[in-house]
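Top line first, the protein sequences correspond to chains F and V.
First residue of the first sequence? That's -10 in the numbering used here, and the numbers climb one at a time after it.
First residue of the second sequence? That's 86 in the numbering used here, and the numbers climb one at a time after it.
I should point out that these hints are in silico values taken from the structure, not numbers from a laboratory.
Note that beta-carbon positions come from the ideal geometry of N, C-alpha and C, so glycine has one too.
There may be inaccurate statements among the hints.
[Stated by the list, open to error] Cβ-Cβ distance ranges computed for the label pairs, FRET-style:
#, chain 1, residue 1, chain 2, residue 2, range
1, V, L91, F, N475, 50 to 56 Å
2, V, D133, F, N465, 36 to 42 Å
3, F, E372, V, G97, 47 to 53 Å
[Unchecked claim] With a straight-line Cα cutoff of 25 Å, these simulated DSS-like cross-link-like pairs (lysine-lysine) come out:
#, chain 1, residue 1, chain 2, residue 2
4, V, K89, F, K412
5, F, K232, F, K274
6, F, K412, V, K165
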Amino acid sequence: MTTKKLNIKDKYRLLTRDLDWDFSYQDRKEAFPYEEFEGIKIVDWDKWEDPFRMTMDSYWKYQAEKEKKLYAIFDAFAQNNGHLNISDPRYVNVVKLFLTAVTPLEYQAYQGFAHVGRQFGGVGARVASQMQSIDELRHVQTQVHAMSHYNKFFDGLHSPAHMHDRVWYLSVPKSFFEDARAAGPFEFLVAVSFSFEYVLTSLLFVPFMSGAAYNGDMATVTFGFSAQSDEARHMTLGLEVIKFILEQHEDNVPIVQKWIDKWFWRGNRLLSIVSTMMDYMLPNKVMSWQEAWEVYFEEGGGALFKDLARYGIKPPKYSEQSKIEKQHISHQLWWTFYTHGFATAFQTWIPTDKEMDWLSEKYPETFDKYYRPRWEHARQLEEKGERFFFPGLPMLCQTCQIPAVFTEQDDPTMTTYRASDYKGEHYNFCSDGCKDIFDDEPEKFVQAWLPVHQIFQGNCGGPEVSDILADYYQFNVGADNADMKNSDDMKRWKQWKGVA
Amino acid sequence: MAVKPLHEGYIGEVKDRVENYGGNYIVHIGWDHHMLYAAPQALVLSPDLPFAEFLHKVMPESFGAHPDFATIDWPSVQWKVDGTAFEPVPEKTLKELGVGHKSVIRFDTPGAMGIGNAGV
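With the hints as extra help, turn the sequences into a complete structure.
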């Protein structure tokens, strides 16, 4: 008997759609209990166009080949002491931030997609989510391996998962993803696949990967290239998700619009960490944050929202505000990190004269007027041996959990104060966007685990800040959180390079 | 609706209830146009703290490092709690002056525009 070899299309159909079944004696709603509570109406799951037609056998084969090459490069990087080829030891702090802030998000993405990959009634959406779930888990592993070499030579890279769960500024990315994962499956996809992966991901990956390339970090660059084909699939899924939901029922439009507004703003706040990485932390700069925002959000996103207008979707609320903030946030965030440098698991520093001139050139409207005076004051104090630190703990935004460091649209010397009262309790926010998100679902955000408040409640050890850092955060105090210029990282670097 | 829940009647746990702070309040303090301090400061204070003590003990610890602090003309300072102006009375307590748990106290020092007049 001869068996006919199936073509790819037939194979895909048999291995995905044909594995689904109808429910004859069980209630379908009980099988998919998360499908309706968000109010999204799906009329016909068969209209789902699978964005990538890949079966598991071809997926494994393709990924295995890719990763074989990737690990060969990691090995070569380690054997050749690749860390000695980076531009400047300050660069490694970007790796530290990535490993503690972003890599654990890949893990949360894996968990989130595994969950929704069970919950959708349509098999096409389930398969796509399951496939992405596996991608995300692979990304965690390959990122950890790519960066593990640095852990042998530099401080601050020893406990990324532990730190992600506890350290004050890492509650920002952590709570972002927990918000998405605690939502229903449709909101999760609009949040992560569309708003983050499709609209904003270029602002995360391009800066980090180009930053790695510009600064001689071949391990991270190679991971970036390897992940690129996965990211392209994820973006395609993001677009399919949004079009599918909008085409299913007109009642879905206002719900989706609300989610786009929310997740644009949450993504914008999360990416402020990337802004400071681009403008302050990369020794060799790729482009300014403002330029990146203009290219990847204003131009790219502008075209996308023009395309979505036919469904009645408008550009995200507060996207106009981001056009003003793009000239400020990187400066505000690095100032925050510098003045809290005793409590960061990476090293901080004052920009050099050359770097300040670059910032003046890139931010002609704002840097010299509002930000240079801070750095010059900080430098005078350092020279006198009076390094300036923030005297206590900062007020946090109840929604994004970032210290309230952002300023009014028309006055960069005024903190933006916003607040709401709910069931007799008072809540503070950094912006109108974050206040709106709280006001829409206060019962969710009253549960925020705000690091400053938890410290005050005595839930993070103490009572001294140094106890919290050493015992609760597991910092190697004096090394992980040192000033760059006096750090052990810098001393070792000078030894390796044979400079005084 | 206060949240979109899977099951009716969902209620979230309020993590920062005033009861969790042993009789104290979290109080935030911000100095307008003085961005040397990246954010308003969060402190744990007694609601029964007299304003005089707040002014003479808490404020110098929180803001004394700023070069403008020593030259503040206190009678001209404008105070706000949660956006509403108030007149400080030395012997009144924070609570009596309208400060609640997680309130924001702001002060504006007319004429002092920070380091280099840049709002720093």
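Going down the list of hints, with the structure as the test:
In this structure, L91(V) and N475(F) meet the distance hint of 50 to 56 Å, their C-beta atoms being roughly 52 Å apart. Distance hint check: the CB atoms of D133(V) and N465(F) are about 41 Å apart, consistent with the given range 36 to 42 Å. In this structure the hint that E372(F) and G97(V) lie 47 to 53 Å apart at CB holds, the actual value being about 49 Å. For the suggested pair K89(V) and K412(F), the alpha carbons sit about 17 Å apart, so the restraint of at most 25 Å is met.
A C-alpha spacing of about 37 Å is found between K232(F) and K274(F), which places the hinted pair above 25 Å, so the restraint is violated. Restraint check: the Cα-Cα separation between K412(F) and K165(V) comes to about 23 Å, which is no more than 25 Å; the hinted pair holds.
Checked against the numbered hints given earlier, the structure breaks only hint 5 and satisfies all the rest.
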